[in-house]
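Undergrad: Protein chains in written order, with my numbering: chain C, 606 to 793; chain Z, 606 to 793.
Calculated from the structure, these hints are not laboratory results. The model shown is predicted, which means the values in this text are computed figures rather than measured ones. Hints are supplied without guarantee of correctness; some may be wrong.
Identical chains blur together in the list; that is why a pair holds if it fits in one copy or across any two.
[What the hints assert, rightly or not] Below, computed lysine to aspartate or glutamate pairings styled on EDC-like, alpha-carbon distance capped at 20 Å: (1) LYS660 <-> ASP635; (2) LYS710 <-> GLU696; (3) LYS660 <-> ASP773; (4) LYS740 <-> GLU752.
As a plain string of letters, each chain reads:
Protein chains: 2
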Amino acid sequence: MPKVSEDHLAARRRQILDGARRCFAEHGYDRATVRRLEQSIGLSRGAIFHHFRDKDSLFFELAREDAERMADVASREGLIQVMRDMLAAPEEFDWLATRLEIARKLRNDPVFHQGWAERSAELSAATSERLRRQKQAGRLRDDVPGEVLQTYLDLVLDGLVARLASGDDPTELSAVLDLVEDSVRQPN
Amino acid sequence: MPKVSEDHLAARRRQILDGARRCFAEHGYDRATVRRLEQSIGLSRGAIFHHFRDKDSLFFELAREDAERMADVASREGLIQVMRDMLAAPEEFDWLATRLEIARKLRNDPVFHQGWAERSAELSAATSERLRRQKQAGRLRDDVPGEVLQTYLDLVLDGLVARLASGDDPTELSAVLDLVEDSVRQPN
Numbered sequence: 606m607p608k609v610s611e612d613h614l615a616a617r618r619r620q621i622l623d624g625a626r627r628c629f630a631e632h633g634y635d636r637a638t639v640r641r642l643e644q645s646i647g648l649s650r651g652a653i654f655h656h657f658r659d660k661d662s663l664f665f666e667l668a669r670e671d672a673e674r675m676a677d678v679a680s681r682e683g684l685i686q687v688m689r690d691m692l693a694a695p696e697e698f699d700w701l702a703t704r705l706e707i708a709r710k711l712r713n714d715p716v717f718h719q720g721w722a723e724r725s726a727e728l729s730a731a732t733s734e735r736l737r738r739q740k741q742a743g744r745l746r747d748d749v750p751g752e753v754l755q756t757y758l759d760l761v762l763d764g765l766v767a768r769l770a771s772g773d774d775p776t777e778l779s780a781v782l783d784l785v786e787d788s789v790r791q792p793n
Numbered sequence: 606m607p608k609v610s611e612d613h614l615a616a617r618r619r620q621i622l623d624g625a626r627r628c629f630a631e632h633g634y635d636r637a638t639v640r641r642l643e644q645s646i647g648l649s650r651g652a653i654f655h656h657f658r659d660k661d662s663l664f665f666e667l668a669r670e671d672a673e674r675m676a677d678v679a680s681r682e683g684l685i686q687v688m689r690d691m692l693a694a695p696e697e698f699d700w701l702a703t704r705l706e707i708a709r710k711l712r713n714d715p716v717f718h719q720g721w722a723e724r725s726a727e728l729s730a731a732t733s734e735r736l737r738r739q740k741q742a743g744r745l746r747d748d749v750p751g752e753v754l755q756t757y758l759d760l761v762l763d764g765l766v767a768r769l770a771s772g773d774d775p776t777e778l779s780a781v782l783d784l785v786e787d788s789v790r791q792p793n
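Assemble the whole structure, with the sequences as input and the hints as a guide.
TA: See below:
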C-alpha cells in the first residue's frame with residue numbers, strides 16, 4: 606500500500622477512536638448509540654464501521670490501547686503506579702466509569718467477556734511478571750500467594766475507578782494507595 | 606389508621622420494593638424503565654408512584670434498606686464481615702452491579718448524590734464507630750489515620766462489588782479479604 610494511503614488510514618482510525626472515546630466518556634457504554642458515535646466522531650456509520658466491525662470492536666480497541674499503556678507502566682513501575690497515574694488525570698475519570706458500566710455485560714455475555722479478557726491480557730501479564738520479579742528481589746511479602754496479591758491489586762484498581770468515578774477526593778485516595786503499597790511489601 | 610389498613614399499606618410497600626429490586630437487578634439502573642417496573646412489581650405506575658415519588662425514590666429506599674442491614678453487621682463484626690456476607694450470597698450479585706452503574710450519575714447529578722449519601726450515612730457511621738472502638742482496643746494499626754482506613758475499606762467494598770459483578774471467583778476473593786483484614790490490623 607502506498608505511504609499516503611497508509612497515513613490516511615491511520616489518521617482516519619485515530620479520528621474514529623478519539624471520537625468514540627469522547628462519546629463513551631460523555632454518555633456511558635449503553636447510551637453511546639450509533640447516532641451519538643456518528644456525532645462525536647464526525648463521520649457516518651458507514652465510514653465508521655468500514656474500519657471497526659461494530660460498537661464493541663471500537664470499545665475493545667480503546668480498552669486494548671489502555672491496557673497497552675497501563676502494561677507499559679505496570680511492567681516498569683508496578684500496578685500501583687498505574688493507579689497513581691489515574692489519580693493524576695481527572696480528565697480521564699468519565700472514560701474510566703465505562704469500566705464499571707460493563708460489569709453486568711461481562712458476567713452475562715460470554716462473547717463480550719472473552720473479547721474484554723483478550724484485550725486486558727497484556728496488562729495482566731505485565732503485572733504478574735512484575736510481581737514475580739519483585740518477589741524474587743525480596744520486596745514482596747512471601748506469606749501470601751502471588752495470585753492472591755494480583756487479584757488484590759486488580760480489586761483495588763476497580764475500587765479506585767469506582768471511587769474516582771463517583772467523585773471521591775483524589776488526595777484521600779492517594780493516602781489509601783500508600784496503605785495498599787505497604788500491604789503488599791515484605792515487612793522490614 | 607386502623608390496623609388492617611396499616612398492614613395492607615406495609616404489604617403493598619413490600620411488594621413494590623421487592624419487585625423493584627428484582628427489576629433493577631435484572632435490567633440495571635438505566636434500563637429499569639417505568640414499564641419494566643410495572644411488570645416486575647405487578648402494579649400500575651399510578652399505584653407504584655402513589656407510594657414512592659419516582660424511580661429514584663424507589664432506588665434510594667432499596668439502598669437505605671441495604672445500608673441498614675449492612676450497618677447492623679458492620680457495627681457488630683466490621684465492614685470486612687459485610688463483604689464476606691456478599692461473597693456468600695451470589696443471588697445478590699446482579700443487584701450489587703447497580704451500585705457501579707450509578708457512579709457516573711453520582712458524580713454528575715448533585716441531587717442524586719445527596720440522596721444516595723443520605724441513605725448510605727448509616728453504614729458510614731457504623732463503620733466509623735466500629736473502627737474507633739477497634740482502635741481503642743489496640744486491634745487496629747495506629748500508623749494510619751482512621752479516615753484513611755475507612756476510605757480504604759470503602760474502596761475495597763466497591764472493588765469487591767465490581768469483581769463479583771464481573772464474574773470473578775468468590776473463593777479467590779475470600780483470600781483477598783484475608784489480606785485486607787490483615788492489612789488494617791495492628792502487627793503483632
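Undergrad: If a hint holds in the structure, say so; if it doesn't, say that too.
TA: Checked hints:
no.: 1; hint: LYS660 <-> ASP635; verdict: both (10 Å within a copy, 19 Å between copies)
no.: 2; hint: LYS710 <-> GLU696; verdict: between (25 Å within a copy, 16 Å between copies)
no.: 3; hint: LYS660 <-> ASP773; verdict: neither (30 Å within a copy, 25 Å between copies)
no.: 4; hint: LYS740 <-> GLU752; verdict: within (12 Å within a copy, 30 Å between copies)
The structure does not agree with numbered hint 3 stated previously, though it agrees with all others.
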